[in-house]
Amino acid sequence: MWRRSPSFILDRTSSSPPMAADTTRTPIQNPDSISAYYQTRAAHHGVITSEWLSQAQAAVGGVVSGDEHPVSSLNELGNEKSFNVIEEFNSWRKQPDLAEAVAAIRALAAVIRASEATTMMELEIELKKASDTLKSWDKTSISLTAGCDLFIRYVTRTSALEYEDFNSAKSRLLERAEKFGEISCKARRIIAMLSQDFIFDGCTILVHGLSRVVLEILKTAAQNNKLFRVLCTEGRPDGTGVLLSSELSKLDIPVKLLLDSAVAYSMDEVDMVFVGADGVVESGGIINMMGTYQIALVAHSMNKPVYVAAESYKFARLYPLDQKDMAPALRPIEFGLKIPTKVEVERSARDYTPPQYLTLLFTDLGVLSPSVVSDELIQLYL
Amino acid sequence: MESRRNPRAVVDPKVRQVGFFTSSQPDSSSTQQQQQQTDPIPASASSPPVSTISPSGNSLSPVMIPPPRLNSSDTFPLRGAAAGASSAVSPSSFSYSNRRDFPDGSTTASPGRHSRGSFVKSSTPVASSLPGIGMDSMAAAKSSSVPASGLTTVSVATMPPGLAEKASGMEVQSDQKKNSKPLKEKTTKAERRAIQEAQRAAKAAAKADGGKVPPGTSASVASTSVKVAKPAKPSTQKNEVSVAAGVTEKKGGPSEKDRKKDAPHPRMQYDDESRVVKAKRRAVVKQTEAKNRVELFRHLPQYEHGTQLPDLETKFFQLDPMHPAVYKVGLQYLSGDISGGNARCIAMLQAFQEVVKDYSTPPEKNLNRDMTAKISSYVSFLIECRPLSISMGNAIRFVKNRIAKLPITLSESEAKAALQSDIERFINDKIIGADMVIVKHAVTKIRDGDVLLTYGSPTAVEMILLHAHELKKKFRVLVVDSRPKLEGQLLLRRLIKRGISCTYTHINAISYIMHEVTKVFLGASSVLSNGTVYSRVGTACVAMVASAFRVPVLVCCEAYKFHERVQLDSICSNELGDPNAISKVHGREDINYLDGLTNNANLQFLNLMYDATPSDYISMIITDYGMVPPTSVPVIVREYQKEHLLV
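Sequence lines, in order, name chains A and B. Using the UniProt record's numbering, the first residue of the first sequence is number 1, and each one after it goes up by one. Using the UniProt record's numbering, the first residue of the second sequence is number 1, and each one after it goes up by one.
Please note that a few of the clues may not be correct.
[To be verified] Calculated cross-link-like contacts (lysine to aspartate or glutamate; reagent style EDC-like; alpha-carbon spacing at most 20 Å):
| no. | chain 1 | residue 1 | chain 2 | residue 2 |
| --- | --- | --- | --- | --- |
| 1 | B | K328 | B | E295 |
| 2 | A | K179 | A | D201 |
| 3 | B | K473 | B | E462 |
| 4 | B | K328 | B | E354 |
| 5 | A | K324 | B | D448 |
| 6 | A | K324 | B | E516 |
| 7 | B | K440 | A | D271 |
| 8 | B | K440 | B | E414 |
| 9 | A | K219 | A | D201 |
| 10 | B | K472 | B | E487 |
| 11 | B | K474 | A | D325 |
| 12 | A | K324 | B | E462 |
| 13 | A | K179 | A | D197 |
| 14 | B | K584 | B | D616 |
| 15 | B | K357 | B | D422 |
| 16 | B | K473 | A | D271 |
| 17 | A | K304 | A | E269 |
| 18 | B | K584 | B | D595 |
| 19 | B | K584 | B | E564 |
| 20 | A | K139 | A | D322 |
| 21 | B | K473 | B | E516 |
| 22 | B | K472 | A | D325 |
| 23 | A | K324 | A | E346 |
| 24 | B | K440 | A | D132 |
| 25 | B | K440 | B | D422 |
| 26 | A | K304 | A | D325 |
| 27 | B | K440 | A | D149 |
[Said to hold, decoys possible] Here chain B is said to cover these stretches of chain A; the calculated rule only asks that three of the stretch's residues, wherever they fall, bring their Cβ under 8 Å from a Cβ of chain B:
| no. | stretch |
| --- | --- |
| 28 | 281–292 |
| 29 | 369–378 |
[What the hints assert, rightly or not] Simulated restraints on C-beta separations:
| no. | chain 1 | residue 1 | chain 2 | residue 2 | range |
| --- | --- | --- | --- | --- | --- |
| 30 | B | K365 | A | G366 | 50 to 58 Å |
| 31 | B | L490 | A | Q379 | 37 to 45 Å |
| 32 | A | K139 | B | I591 | 50 to 58 Å |
| 33 | A | Q379 | B | K472 | 34 to 42 Å |
| 34 | A | Q196 | B | E295 | 55 to 63 Å |
| 35 | A | Q356 | B | D448 | 38 to 46 Å |
| 36 | B | E470 | A | K256 | 51 to 59 Å |
| 37 | A | Q379 | B | I591 | 30 to 38 Å |
Source of the hints: derived by calculation from the structure; they are not laboratory data. C-beta atoms are modelled at their ideal positions from N, C-alpha and C, and glycine is treated no differently.
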């Protein structure tokens, strides 16, 4: 998969841009029912603005350990290994520039390092177990699952491993895991380069959600002296749009903030819609932050192109048939007013956008149409 | 194609260079001869042949010679004959440049055969045209009488097996008739005699081995061939040659091969009269074609229902080349005892396993080739019983591929064992195993409180429902059914027995019932590479209504049923069922309003068996490679085909 990536467009020497630094979190009312996926996300999002950096640093220690305790105490009852894996994963997860998939792979690499297995088969079984615990620890994160699957795939599939002696095979695996982190940063650069052709001078881009890839794209475009305007949705309740717009204004990109409900109102002046993705599923559709689906619907009905920027490790072997057909990632929602207890609140953090409403996917495998995703997945996993 | 070629052949003098040639070394390879000949040929062609009728000269000849491919020129000892040495020349001096004529080694016109034929007649070999497969190569030919010997052989021939379909361009010859007329009138006495003789020989032979060619058929073959046997008609002559070969060689048992080659193409166009006639002549199963077919579907085979069975039964002991297991399966197809894509395919494969088990390579034959020919002949028999499904086509391709790939080093018993286990593996992995995987995937899509709709009685869906029930999922099933098969009732019985809550309705009520459905599960006979699902008639209707109600449509189909063909409608390829099934309602005499009208020329019944659902109406295809969107079918086909060959 990586071999086929159009990484040639990247300057070899270019280093990954330093992203913002650390974690902070939105207040969480009932930690038990909140998806860990959402926590990571919230953590990463909170961070991007540098103003928050100082608070974040203070917050990191206490908060992270605070919300991990219930989970890990559950796992302590189980075997020791699962405890280790998750611990490891969480420590990696704290680095905001690392995608979840990369954190997962780093955690698996730690498993390999710690492993006392003497044969490939044993190691494989151990890895499998570890990845299963990781996956079951957070069922809502797509890229975590996809990352684990990818790595396991690599271990079980690479025929070269069979011919080497155990130790060199092991070190090769570790090397591979190390590389993965680089790849994920590189993928963002590739995607940013690929998508430059689609941004033309004078265009207006609607952005929903706070995606590192989309930010990278806009940054690169601005650096290339493209003249464009960005409309940011507010992104209630996380205020992702507020964060993104402040980030963009620092780059001197003209930006306008919209209410989430004003999308249709302003769609007329929009030339294209850019969104990121939490996961790209087999049908070619995407799972992304709540509101993406309705923006895609509006854009589709007004014949505006919808572009998705996603790294290929977000490709997941999932096939939701409709919105309810996936594990919901629940999140707390603050309405500001007191909500009577009888009133139910829809707390899902993301929705599924079917492929027919997407125009193109910008990935590190190239610019793909939605139907190609499945082809890539089949080739990857079969 | 040929019509374009013929005129060319006639006009282009080069074509006629392909001449007659006597070679002293009977066994020399054709290429060699070819090379030797290249020079003499033009000369021979230009020299007026001795025979009065032989048109091989410059005269306008109807001889169909395809555009001049050098290597396809055929040589014949005409010149020798002209020189008076002809009788001495054994026919084996024939050189065949078109080696492709003999794909199985079952040459219709092999040198050996010819020589035999000529010995029998102790005559000068008669030039005959041997159009190659696809007519790309062809022999120059004329039957000629040689005054010196006074004896002429005319070979009477069946259609050369492999050529049957392609060469059915023989109609073209009728165009040529005009040209041939004068020649025809010139037919010499000797020639006429030869024809008669050939006829007689054919009859005798037919009698001798009645089993392989139905008596009536062989006679008719002979007679037709004689009728056609005008010397001017090259391709007929070719036929004759091969018939002669077949006739003389009867005991050799090339019958299956002949049968195989004459078998109707699986997708034969049944509105093509001449092909139908030809196919019929060869058919083992005697079928009466239905009258009053719907115009639009004339290209599909349709036979009077029930006419084949008794006939086939009476022939049980005559069909010696047919393996009993194959025969049994054929009968079951015919009577409808086995239906459903998987069941039919498994039955066929198991019959082939039996065949392989009982197989022994005939002396002087190659296992790979002979077995392939045998399988082909069985397949053509099965086609006569019921048109193949695409899944069966894929399975047959697999079997043939395995046979072809058998290493020559294997002993016969090893090869047989390998084949049997290959077939076994195909059944287990690609059909039964695939179903398991499909069930595993599909069950993840069933949630508590679902209302699942299914249409007809797809086996995969039934397995899914039963498995989901075992997993204690709470769901309800809506079985939609349609006349005339009412297969849904069987499914309903089995589901209810397991305690699943079901609703049964006919397809007429689909738009009413759809609003309460949460998912539609459908089976498929095949999935084509543009994502079109080819399935039981009515499926498209269900899928379209479902997608109008925004209900997801899941199609369950094993990957071995995928096909790289593209189909846009359900007209060009389909199967016609028994018209009586829709004209009558059994047990309801009071509403059989169409009694007595079935043969009315103004009334046509259309009982289609399949339809094609465009991919737009399908949300997901569940296959043994996981759940894929219909746009990914080509990927599966591509990847699978690779694996398919490796299996």
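In rising order, the numbers of the hints this structure does not comply with: Checked against the structure, the hints that fail are numbers 1, 2, 7, 8, 10, 12, 13, 14, 16, 19, 25, 26, 35 and 37, while the rest are satisfied.
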